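Undergrad: Spelled out from the first residue to the last, the chains are:
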Amino acid sequence: MIYQLDFWLMVILVLFAILALEVRDLLAAVGVLTGFSFLMALLFAKLGAPDVALTEAALGAGLTGVFLLLALVFVGRESED
Amino acid sequence: MKLFAIILIGILAGFVIWGTNDLPERGDPGSPASTGVSTYYIENAYTDSKTPNMVTAVLADYRGFDTFGEAVVVVAAGLSCLLILLRRRRREDGTEGGLFSQADAEKAARMAAGKGLYGDDT
Amino acid sequence: MTSRFESVFLFVVARAMVPLIQVFAFYVITHGHYSPGGGFQGGVMLAASIILLRVSMGDESYERFPREAGIVIAGFGALAFALLGFMSMLFGGNFLEYALAVPGMGADELRYWGIFFAEVFIGFLVWGALVAIYDALETGGVE
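If you read the protein sequences in the order shown, they are chains A, B and C.
My numbering numbers the first residue of the first sequence as 1 and each following residue consecutively.
My numbering numbers the first residue of the second sequence as 1 and each following residue consecutively.
My numbering numbers the first residue of the third sequence as 1 and each following residue consecutively.
Because the hints were derived from the structure by calculation, they are not lab data.
The structure presented is a predicted model; accordingly, all values stated were derived computationally and were not measured.
One or more of the hints may lead you astray.
Said to hold, decoys possible - One side of the interface only, derived from the structure: several residues of chain A facing chain B at Cβ under 10 angstroms:
(1) L47
(2) A49
(3) P50
(4) D51
(5) V52
For each residue, glycine too, the CB sits at the ideal point set by N, CA and C.
Could you put together the complete structure from these sequences and hints?
TA: See the structure below:
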């Protein structure tokens, strides 16, 4: 167990989550959300769950970003609120 | 208002962090997650199904019905996405009726005749 | 999608990447017994390879992987998995209990192959469903 790695991964994870909510540009929000999923996969792999990590890396960091980008083509990249 | 939301989130996060004190240690053999049926899986997964990866044995064999429901959910998501977007496209074409309209009947006839699923442009 | 290819560089890189992604996806599906992975993850990787093909090749990818194929593959996977599961119920067993359906093999051997085919069918199902969702989002919502 490397407690420092756990700690900093979780801190960066929370920062990414807040950033994905607060950023104005929706394209940047999609990028930050993809990075969040990637860090989440790293954390799962470190916690000893490689199956969940593989699912998170393939779905969260891969396909969800593609689908969200495809949705951005229709709604535009400017945030409303 | 935003300050109130931040304070509320802080209080709730404090409660959650306080509540984690009651969680068992990681890998504790006496915790509820380790004393139930999981010991049976850990001891018997290889002899039951010759599968070294225990997660796969649980997902596809012991909990196979659960996986089947998950699969049905995925297929239903794909089908409903397809149907909803087809309706929206038909509404923009001006040929939208009820849920099962004339256009649906024509679509079904086209599909039964082996034509394209997406309309005239295929 | 007006031009033949969206970008020459994207096309060349995707052309090199797609077979590698697919080979690794089949490895993940079929080695679910021994390594992390399984049908779901491998199916997602297969769908990602097809979506890379769609993004890089534009309209030409519909000749290689038609738009109708996604939902057909998903339906095939779901039906095959359902048949695999309910087959043993016809012989009086439970869901996915093969020992009564196929006599002559050991119970653990049967469960091994049952897990294998279940993973393969789940892989087909996820692959087809995700490609169908992508195609519906890309083409069904516009025009």
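Undergrad: So, for every hint listed, does it hold in this structure?
TA: Structure-based check of each hint:
With its C-beta approaching chain B no nearer than about 9 angstroms, L47 of chain A sits inside the 10 angstroms limit, and its interface hint holds. Interface hint at A49 of chain A: satisfied, since its Cβ lies 8 angstroms from the closest Cβ of chain B, which is below the 10 angstroms cut-off. Interface restraint check for P50 of chain A: the shortest CB-CB distance to chain B comes to about 9 angstroms, inside 10 angstroms, so the restraint holds. For D51 of chain A, the interface hint holds, the least distance from its beta-carbon to any beta-carbon of chain B being 5 angstroms, beneath 10 angstroms.
Annotation: V52 of chain A was flagged as interfacial toward chain B, and the flag holds, the nearest CB pair being 9 angstroms apart, inside 10 angstroms.
Figure legend: structure checked against the earlier numbered hints; every hint is met.
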